[in-house]
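In case you want the letters, here they are:
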Amino acid sequence: MANDFEPVIIGFTCNWCSYRAADVAGTTRLKYAPNVRLIRLMCSGRIDPTFVLKALADGADGVLITGCHPGDCHYLEQNYKALRRHRLLQRTLAQLGVEPERVHLTWASAAEGAIFAATIDRFVERVRALGPLRWPARPKPLPVAVAPELAEEALP
Amino acid sequence: MKPKFAMYWAASCGGCEIAVLNIDAKILDLDANFDVAFWPAAMDAKYKDLDAMADGSILVTLFNGSIRTAENEHLAKTLRRKSKILVAFGSCANEGCIPGLANLSSRESMLETAYGGPSTENPAQLRPQPTSQVPEGALTLPPVQPVVRTLDQVVEVDYHMPGCPPESHQIAAVVDLLVQVVQGRAELPPKGSVIGAGESTVCDECPRERNVKHLTQLRRIQELGPLDTTLCLLEQGLMCTGPATRSGCDARCPRVGAPCIGCYGVAPEALDQGARMMTAIASAIDAKEPEAIDGILDGIPDPAGTFYKFSLAHSLLRGGRAAHRETETP
Amino acid sequence: MTDQPQQHQQEQGQEERIGVYVCHCGTNIAGVIDVGSVRDFAGEGLKGRGVVLSRDYTFMCSTTGQELIQKDIAEHGLTRVVVAACSPHLHEGTFRTACDRAGLNPYLCELASIREHVAWVHTDHDAATTKAKAIVSGAIERARHSVPLEAIHVPVDAATLVVGGGIAGLQAALEIADAGHEVYLVEREPSVGGHMAQFDKTFPTLDCAACILTPKMAAAGSHPHLHLHTWSEVEKVEGFVGNFTVTVRRKPRYVLEDVCTGCGICIEKCPVVVVDDAYEAGIGYRKAIYMPFPQAVPKLPVLDPDTCTYYLKGKGSCRACEKFCPTEPNSIDFNQTEQRINLRVGNIVLATGFDLFDARRIPQYGYGRLPNVFTNLELERMCNASGPTGGAITLRDGRTAPKSVGIIHCVGSRDRNYNNYCSAICCMQSLKLAHLVRERTGAEVHNFYIDLRTAFKDYDEFYQRVLDEGVHFVRGKVAEVSEVPRGPDEAEGKLYVQVEDTLIGMQRRIPVDMVVLSAGIEPRHDAKQVGQTFGIACSANGWFIEKHAKLDPISTMTEGVFLAGCAQGPKDIPASVSQGAAAAARVLMRIRQGELALEPVRASIDAERCSGCRICNALCPFNAISYDAAGGVSAINSALCQGCGTCVAACPAGAIAGSGFSNEQVLAQIEGLLLTNLEPAEALT
Amino acid sequence: MKMLFYPGCSMQRTARPYLDSLMAIRETIGLELEEVADWNCCGATEYMSVHRVPALALVGRNLAIASRQAEGTDTLTAGCSACYLNLAKTDQQMREDPRLAAKVNDALHAGGLSYAAGSLKVRHLLDVVCNDVGYEAVQAKVVRPLHGLRLAPYYGCQVVRPDPDSRWDDREHPTAMDRLLRALGADVVDYPLKTQCCGGHMTVIGPDVAYGLIRRLVHGAATAGADAIVTLCPMCQLNLDAYQIEMNKHYGTSYAIPVLYFTQLMGLAFGKAPAELGIGKEFVPAAPALSRISDRPPAAEAAKKKRRPRAADGLPMPRMG
Amino acid sequence: MSAVPSPSAADRAPECSAFLREVMDATPGDSRLNMCIQCGTCGGSCPAGPEMDHTPRRLFAMIRSGLRDAVLRSNTPWYCVSCYFCTVRCPQQIHITDVMYTLKGMAIGAQLYRDNSPPDFSQTFVDYVEHYGRSFELGLATRFSLRHHPLSLASMAPMGLGMLRRGRMELVPHRIEGMAQLTRILDRAKALEATP
Ligand SMILES: Cc1cc2nc3c(=O)[nH]c(=O)nc-3n(C[C@H](O)[C@H](O)[C@H](O)COP(=O)(O)OP(=O)(O)OC[C@H]3O[C@@H](n4cnc5c(N)ncnc54)[C@H](O)[C@@H]3O)c2cc1C
Ligand SMILES: Cc1cc2nc3c(=O)[nH]c(=O)nc-3n(C[C@H](O)[C@H](O)[C@H](O)COP(=O)(O)OP(=O)(O)OC[C@H]3O[C@@H](n4cnc5c(N)ncnc54)[C@H](O)[C@@H]3O)c2cc1C
Ligand code: SF4
Ligand code: SF4
Ligand code: SF4
Ligand code: SF4
Ligand code: SF4
Ligand code: SF4
Ligand code: SF4
Ligand code: SF4
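Residue numbers (our numbering), protein chains in the order written: chain A, 1 to 156; chain B, 1001 to 1330; chain C, 2001 to 2685; chain D, 3001 to 3321; chain E, 4001 to 4196.
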């Protein structure tokens, strides 16, 4: 049963290393699980917890954040900021009952296509094992009869 | 005939009502220009009186409190129908506020804490029942819903007025505005606007001096020595949520040395107050190694409660899984 | 910039008209993805999201494919273009240019990578098609929030700063100066020349190092457009590409540069002799006032206050140099102080070279403890005719010629305990030293190597030559060098090189008189700080990071800062010279252009929304963010900003906007990828 | 300074003088040692060869008992190199491999015990003496400096290597004991073999190899001009002392370099009686060497006159440090 | 930086021989054995190197080639004295000494050693520990020597006597009080060893 579950995962990649690692995985025709949909950011430092929460709230079962290896950031040290945000976010998510493992941070250099592919496979399996997140959709205001727009004549 | 004014108190502490009364003489302007049609805290009124009113017959309703019970929801819908302008008044109605923190736990565990916890004297282990028989007949309680919702998650809302409670000077200004609109001297802001608040964050109004932020430790106030009276609290190691909280309060807390706890809610046009505060804190931490980062983060023992103290119910995830799971159909 | 949820939000003004193009890439994409289904999904399913036309085509990047887009923009009034094809790193430029030609702002064109990220990496056709649809949907939503952007234009100052006067820096400086532009060459040592000036011969041709280097040094010293600042360092760099302001700190030489004739009498008369750790690599001496080497440029002495008697005695006695200096006014100036000068330059070339690995870090090789263990650089000095032994190779006693020499390769290199990379030059340099030892002493030479790396022109030929000269090669990384015999059958007074001869699978202990450690090369010890000064980063190994390892090893991530020589990574002289010349070509191209167009992906702060919390202030590695205390708000210098978006993500007030990667774009793309833009959410098959 | 103490089998028996001398000096240097209750053998280098998880559980029992005993200290010290290494490595492997740690704890539960990896700091006695007690404190207690005694400090392998917690400045060329012996007033020779292998258990299973290694160490010390070799490990002491005789027989040589524990020399410098320190129990008698201890400090080297280097001086040596 | 788990060794070398993987899996932590560059630092450093039939380096090449029998029959691991020179000098930071322990265990498991004296020594030692909770030199030396070098026993006797005389050896072993507890622990550990 649980094996039928195909997680949907949003992946954030940086323009310089991890997105290129994904490109390399492609050019070298490596095969990996099709569950991750990537978003290209300029840098892992662009990662905003809002993006992660948005993805989880909108139906993703997991979020993968990738950046250049520490010391390799094309913007010097911005990946450390991603690391710090990730660690704090994980603490908060745990309190909210979202398994912190659903939000995974990893480093991949532009050359590490194979590692990138393997990381995706492993992460997909991990999320699959956790099961669907199934966060309830945002409640839409109920269709209650609303008073007509404030009309001129309503005013004395 | 004067236009009708209403105010209602759903799941909230009542502070909002007091805040309105706190506007001193301004309350007389309200009385002079409006006919108070329904205000259970200030005057006697029965639901049937409300039901009797025509749809749209109330010009403006200040609705405070979040939606916790079926009764809250019923009143929200009723007042929506009866009112031309529905204002989500105060943090509870807008973002869930403290009652919204209940969304971190399931209804059962919440009731358990309230009626069975160590701080409750309840030797008979009584629990509130939907109906109970008393000599006079059957009493019913409105059912507690699985999650706390904000007013705009239940009905459409025209204006939002944040604050826990909204500051008196802001209420006074809004009352002024309403009076002027009624007198035809001013226009209403666009529908959906936030009223009675600023357009930046609390730091904007905070007089404390600040520097480039390199956070090396976060402490509770009692763990710190005497505070510097002029320096930014965050820089002194206190978890101040001023940077991510909408301005409008005039930085009341930081002014007197208490960190901002976020009651004015999410910053203008931001989606999630907690996310904004988390990203700010994590960005400003001065550490690179995971162990060092964790060491500093350990200074925030309750991140969800810290970053979402007021805005949990209206955040992107709207609370914890425990509460939401109940709403799922198995 | 706001976090505003975008879903189903009513767009203000005119509704977007989006054109979607799905590429087959021959069978590359179409072989795995049902291209027609993706096209229909966009065209039909996302009509409500502004898609007005959706096409598929065999090769979108072909001229015909591009013309198709241009024609549609003209005929259908497209306001956004989404091309589902290969990675944006390949063809983003192509399609953006096509849009530009048709009058659509290039930044309104969005690429969806369904080749590298879908067709090539998945085998399940249905899953691949579903994923491709999601990616296209994400791109469409993102495109809806794209805004037209204009490149940022900055003028380029024609003057150039070259930092480091080794062979790489000299080459770059001379080529730019020869083109008629002003060059400031800042060198931290008293003379230019770098490491090459220390050698006697250079591989593989065994040219005399001085013969080929001295002319370049002399040219640099006398060039009308080349301004040398030796004994100087760059302290601060402000501004941005085209327009840097550089502060140079000139250390006091205690010698008047424009009076001194370089006669050297002061040096002769100075009574203080100390070990020269710099130029002589620790095996020769210099005076307290000295010229690093006879061919030094500028030909000026420098007085070292840390060893000069006059300073050591708190400004008293000696002054022999002053007494004998023949110039009028006297060239010795004991009161000289540090000076700072400001330079305005448009581009910067960093050619700061390398440090030699410190062989003391490997105690089992005995360097520093066993007298007859030498480093490669010590031996280079010994071979040099102007070196401490006048070119003779001797044991530490300075007299005895060794009868047997062991040369150990890979010292500190290819070793995770020290440096994990190959230093690239030491195999050849070890062969060179083996040859020199054989030539000058006739000693028996053993080279201990793991692999012999003799790539490049004429290098392996050199190896063959050395083999022919009778040098022994033992394949094995040396375990230790010991002076203590293991058994009674081993003689005293020898150095035993203990190694596994891996080709015979046996441990051997080879007795020699002298051991030469071919220490590898390392990033400069202060590379990190220097990098910070210039706003560039070091890789995990410590070398300056180039923009692209293969296709742009010259540029850095900081616009206007280029690399040359070993500062970028281990390399030999031919490669250092080539890179120096390449950096010069880049700089000349910039100067020729006169103006630069920068990518408009930049951050900016909305002063109204900024609360002045100063969270963002420490975040920018390029110092683009400043704080205006009077206004209580922060601001971003868009020319310095490189568009990483870190501050955008960090600002708690949401006051920082990131053009090209805005919150709206990313949030909308998330919705698109998760297909919450479909109404009602259709199950994709 | 209080800490837990694991003596190990050797210290109880073959290295009795080590234990005796430690007991004799501990008060002087303010060491309060609490023996781990009913400890068992650490398995030396043998147990690990046969079983892996049981080997860790074997050591785990000691760690578990020690951590239960730990009060007012989290330091566990051992004098034997192999014991130290086994304790330290078990703790490290449990820290790094949670699955393995779970297994070890599972086994320990069978005996009603458990050990939380990382809760104890495992240190070798020499480390404690040099870095916690400190050279100054030791020097302050010296009443009979070991002037004139030339010593070869011998560390052996397993204290400085593999050095799981990076305690030593160098795994090939440590200097902690050199400094300690200098603090006692002794003359420390440059002993290039200070971390070479003593042969370990090879004396039993491959005596020829062992003799070769022992000869080299003894010969190296003799060439360096040492009166005695100083060790910090029972196994090293045994191999170099007891087997020196066998080695001499094997090679037909007559080396006679006594092998002492650093604690014995500390005791001597602190003015303790040799017998109290177990001196006299060694196979190669230490008395002749110890008789070299003189009352007078070595004459301070006449301050070298600074002069200009001459050709006859040869090339300058690289400067260390 | 430990924030992000690095890919496991197996991922790095998916095609490495089954035997190599077996050895790596049996070694605690990441032994990195697949990263050997055949430089010979280990073989050059090993004090027992001259006695080994294969240098450690060559043994690792053999593991890579899947020569299971030849590897487990080799005397190399048994001559390892755990000096850790190879481990700290290996330029690839391979946990060589730990691998030697693994190979010894595997050789015992497969009953594949040629000379049974070293494994026997280990086993004898283990027996004493499992019996008394402490090692017992006298017993160990005599029992082992009786079995393997009966002739040398006579020559070793003076040393044994010397030890006894100097109070550095005892005639009877010491048994720890918690022997029953230790036995339970070891039994459980042995059962667990078999599990993955
Ligand atoms: C022992 C040895 C032998 C070699 N033999 C050969 C050979 O035979 N053939 C061959 O092709 N290659 C040889 N090489 C390699 C050769 O040395 C290098 O390829 C070459 O020197 C690199 O030149 P460079 O200009 O990049 O660096 P360098 O020569 O190191 O020059 C860098 C210069 O920058 C200056 N500098 C550094 N930091 C600063 C700063 N912050 N501010 C200002 N100035 C600074 C330094 O003082 C120096 O002058 C050998 C290397 C070694 C170690
Ligand atoms: C199998 C193989 C794999 C390689 N893999 C890598 C790798 O992974 N990474 C790497 O960095 N390097 C690799 N290389 C090396 C790399 O190919 C070369 O460094 C690089 O291609 C050299 O580029 P080039 O422009 O000098 O020469 P070329 O690529 O040979 O280009 C020369 C061009 O000139 C044209 N031409 C020749 N004569 C004339 C003429 N008389 N008139 C007009 N045109 C002419 C030729 O048709 C050709 O188009 C590899 C090489 C080989 C053989
Ligand atoms: S004290 Fe709080 S509100 Fe005031 S500046 Fe600091 S962070 Fe902002
Ligand atoms: S300082 Fe005077 S003596 Fe020295 S080189 Fe210059 S001119 Fe000659
Ligand atoms: S003052 Fe004397 S010691 Fe100093 S540089 Fe001049 S001559 Fe040399
Ligand atoms: S060039 Fe040769 S000697 Fe130098 S590190 Fe590379 S392989 Fe070793
Ligand atoms: S983080 Fe945002 S609000 Fe704070 S100073 Fe920077 S731009 Fe202003
Ligand atoms: S986007 Fe990045 S580079 Fe630009 S100002 Fe912000 S932190 Fe600096
Ligand atoms: S030292 Fe390490 S890399 Fe070198 S052969 Fe031995 S195991 Fe392999
Ligand atoms: S640990 Fe073993 S294999 Fe390694 S060098 Fe020492 S004896 Fe040899």
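Keep in mind that a hint or two might mislead.
Just so you have them, the derived chain A footprint on chain C, three or more residues with Cβ under 8 Å [unchecked claim]: (1) 2104-2117; (2) 2479-2491.
Computed list of lysine-lysine pairs in BS3-like fashion (alpha-carbon distance at most 25 Å, straight line) [to be verified]: (3) 3089(D) with 4190(E); (4) 1288(B) with 2269(C); (5) 2313(C) with 2269(C).
Simulated from the structure, these hints should not be mistaken for lab results.
Every residue, glycine too, gets a C-beta built ideally from N, C-alpha and C.
Legend entry - Structure versus earlier hints - violations, ascending order: 2 and 4
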